[in-house]
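Participant: Now for the letters of each chain:
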Amino acid sequence: MTASMCSRSIANHVSSRQTNGIMTKTTAVILLTLSVASPFASSLAGNSASSVQLHGFISQSYTRTSNNRFFGESENNGSFDFREMGINISARPSPDLQLAAQLTSRKAGKSDDGDVQLDYGLMDYSFAANETARYGMRLGRLKVPLGLYNETRGAPMTRAGILLAQSIYFERSRNVALSADAGELYGEYRGTFGQLSAQAAVGRPNVVDPDIETALFKRNQPGRLEDDIAYSGRIMYENSASTLRAALSHLRLYIPYNAAPGDPLGNGEIRFIPWVLSMQYDSEFWTLTSEYAIRRFEYSQFAAFNDFDINGESYYIQAQYHIAPRWRALLRYDVLYNDAKDRDGHAFAANPANRGVPAYSQFAKDWAIGLRWDAHRHLMLRAEYHDINGTGWLPNNDNLIPAATQKHWNLFLLSATLYF
Amino acid sequence: MVRSIIVLVALGLFAVNATAETHNKARGEVGEVKVIASPDTPARETTVPQLRAIFAMRLHKWAGNLPVTVYVLSDYHPTHAAFSKTILNLFPYQMRRTWNRLVFSGTGQAPEEVLSEEEMVRKVASTPGAIGYIRRVKADDSVHVLKIHR
Numbered sequence: 001m002t003a004s005m006c007s008r009s010i011a012n013h014v015s016s017r018q019t020n021g022i023m024t025k026t027t028a029v030i031l032l033t034l035s036v037a038s039p040f041a042s043s044l045a046g047n048s049a050s051s052v053q054l055h056g057f058i059s060q061s062y063t064r065t066s067n068n069r070f071f072g073e074s075e076n077n078g079s080f081d082f083r084e085m086g087i088n089i090s091a092r093p094s095p096d097l098q099l100a101a102q103l104t105s106r107k108a109g110k111s112d113d114g115d116v117q118l119d120y121g122l123m124d125y126s127f128a129a130n131e132t133a134r135y136g137m138r139l140g141r142l143k144v145p146l147g148l149y150n151e152t153r154g155a156p157m158t159r160a161g162i163l164l165a166q167s168i169y170f171e172r173s174r175n176v177a178l179s180a181d182a183g184e185l186y187g188e189y190r191g192t193f194g195q196l197s198a199q200a201a202v203g204r205p206n207v208v209d210p211d212i213e214t215a216l217f218k219r220n221q222p223g224r225l226e227d228d229i230a231y232s233g234r235i236m237y238e239n240s241a242s243t244l245r246a247a248l249s250h251l252r253l254y255i256p257y258n259a260a261p262g263d264p265l266g267n268g269e270i271r272f273i274p275w276v277l278s279m280q281y282d283s284e285f286w287t288l289t290s291e292y293a294i295r296r297f298e299y300s301q302f303a304a305f306n307d308f309d310i311n312g313e314s315y316y317i318q319a320q321y322h323i324a325p326r327w328r329a330l331l332r333y334d335v336l337y338n339d340a341k342d343r344d345g346h347a348f349a350a351n352p353a354n355r356g357v358p359a360y361s362q363f364a365k366d367w368a369i370g371l372r373w374d375a376h377r378h379l380m381l382r383a384e385y386h387d388i389n390g391t392g393w394l395p396n397n398d399n400l401i402p403a404a405t406q407k408h409w410n411l412f413l414l415s416a417t418l419y420f
Numbered sequence: 421m422v423r424s425i426i427v428l429v430a431l432g433l434f435a436v437n438a439t440a441e442t443h444n445k446a447r448g449e450v451g452e453v454k455v456i457a458s459p460d461t462p463a464r465e466t467t468v469p470q471l472r473a474i475f476a477m478r479l480h481k482w483a484g485n486l487p488v489t490v491y492v493l494s495d496y497h498p499t500h501a502a503f504s505k506t507i508l509n510l511f512p513y514q515m516r517r518t519w520n521r522l523v524f525s526g527t528g529q530a531p532e533e534v535l536s537e538e539e540m541v542r543k544v545a546s547t548p549g550a551i552g553y554i555r556r557v558k559a560d561d562s563v564h565v566l567k568i569h570r
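Chains A and B, in that order, are what the protein sequence lines are.
Heads up, the first sequence is in this note's numbering, so the first residue is 1 and it goes up one at a time.
Heads up, the second sequence is in this note's numbering, so the first residue is 421 and it goes up one at a time.
Some clues are possibly wrong.
Unchecked claim - Quick look at which bits of chain B chain A covers, simulated, 3 or more residues with Cβ under 8 Å:
#1 476-482
#2 491-503
#3 507-516
#4 519-529
As the list claims (entries may be wrong) - Anything over 10 Å on all C-beta distances counts as not near chain A; from chain B, calculated:
#5 Glu538
#6 Lys558
#7 Lys567
Because the hints were derived from the structure by calculation, they are not lab data.
Ideal placement from N, C-alpha and C gives every residue a C-beta, glycine not left out.
Looking at chain A on its own, in the form it has when it is part of the complex (with noise of 0.2 Å):
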């Protein structure tokens, strides 16, 4: 009851924020979905308990940065340019089916639009179930299991700061292993060693990211890449004091490309394959997290230049301190190389066909400390400032002209975030 009066005063807030034309469709539509979702909600958890759940969230923030681009003009003032919006429903109509779907929208710089997209919509069906072992499956689109944050990525109380160690989980072409039309095979197992929970899945990703071919060719090419085949899977273990979490996750993408008519490149394929290595430590006052990355990247059948593979490689340390029940101070030192044979990117540079793309690209070793407030269980506050050295991870759309950017910089981030 609460709920729907509530969306209805934000459905009213929407409609008179439009007429002044301040309001993006985008976010008037997120909003209108909550308000027409949550009274069909509140009237079916009236009949059945807790089976019809509705979350979301809204973000807005703020970067800043001494130079470079990082979504949006935000050198000098700074730029509002980071917004990010989700609302998601899920039902239970018998103990062991549930029902989900997560609208998103996330403006980016130039990175993202803004665009309403479906983040996930699946049923997740348990074949057996008690208090050791749990197995099942997941059909629909379903968020890729990479790491220890890749599937909630996009809610921002779920990351361990404004932005996740950018190494791993870029900002930059995000969207290619965001979520996949797929089904997925599930398991857990708990005794007296701990907890070993296993996945796999197989599916289609969403390939189509305004920096993918940015990220994957240096520039824009004629040609569109598209959408194949993906395989997905990551093994965890935990102690049975729920201290210590270690996983090993694994990608395997298939990116074909197809050549516009006269385009020197040529049909081709690349292939996308990350391993990351993920460990996690909680304490009562520290939570100590480090994953590891090697990127393989396999260019294959281009006819502009013969095959050839880069392994990219990526970690991270860091501690997240506990300062009191609503406070967490964050301390991350995180590490890029696009080329683990060339971590300079002296090799890099010196290729003719890199020219005017400087070396300091092919890498980021990026300090950065945080600072979260939970102000109120529905109101986050943080604050977050980073100092980098190269711009591995700097969003290409935003800094059209490499030899534009500079090799050091530091970026202020503040961000608000209201959520239920």
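Could you slot chain B onto chain A? The hints should help.
Facilitator: Relative to chain A, chain B alone:
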């Protein structure tokens, strides 16, 4: 300049907040946490692994297929902290992380949140298959107190 102001404001808010949390903690130190269930649940006793599975939202039904409905207090309620630490041996932030992961990946649901222990007793008593916990308030005949085998 702007940065130092932000840092100072944040530190000030932190000091006020930390004091408030300490007060809450001091006020909450009464009695032992009891796990309560609605009268129609088949369970009269439970184990820590079973409670962990239920409150992690991984175990969705009681024996006999009755759906489980989980009630919790807010993350910052002293009784929630006591329940998490002394019964489940988990920190409240770990539980919230687990629930967030389920909700925002579409693979599960969060527990229902109540505002007070009185509301907890009322909701658990009136919802089929419900489970929750209390500390300050006494359990009456409307709910069962589950015996926990450790």
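Participant: Report holds or violated for chain A covering the region 476-482 of chain B, Cβ cut-off 8 Å, minimum 3 residues.
Facilitator: Coverage by chain A holds for the region 476-482 of chain B (4 residues, Cβ < 8 Å).
Participant: Evaluate the condition: distance from the CB of Glu538/B to the nearest CB of chain A exceeds 10 Å.
Facilitator: 18 Å, holds
Participant: Would you check chain A against the region 507-516 of chain B, counting CB to CB pairs closer than 8 Å, and say if three or more residues qualify?
Facilitator: As far as the region 507-516 of chain B goes, the hint holds, because 6 residues have Cβ atoms under 8 Å from chain A.
Participant: Using Cβ atoms and 10 Å as the threshold, tell me whether Lys567/B really stays out of contact range of chain A.
Facilitator: For Lys567/B, whose nearest Cβ neighbour in chain A is about 16 Å away, the distance exceeds 10 Å, so it holds.
Participant: Would you check chain A against the region 491-503 of chain B, counting CB to CB pairs closer than 8 Å, and say if three or more residues qualify?
Facilitator: It holds, with 4 qualifying residues against the three required.
Participant: Taking a Cβ-to-Cβ distance below 8 Å as contact, does the region 519-529 of chain B have at least three residues touching chain A?
Facilitator: It holds, with 9 qualifying residues against the three required.
Participant: Taking the shortest Cβ-to-Cβ distance between Lys558/B and chain A, state whether it exceeds 10 Å.
Facilitator: Lys558/B is indeed farther than 10 Å from all Cβ atoms of chain A, at 24 Å.
Violated hints for the displayed structure: none, as all numbered hints are satisfied.
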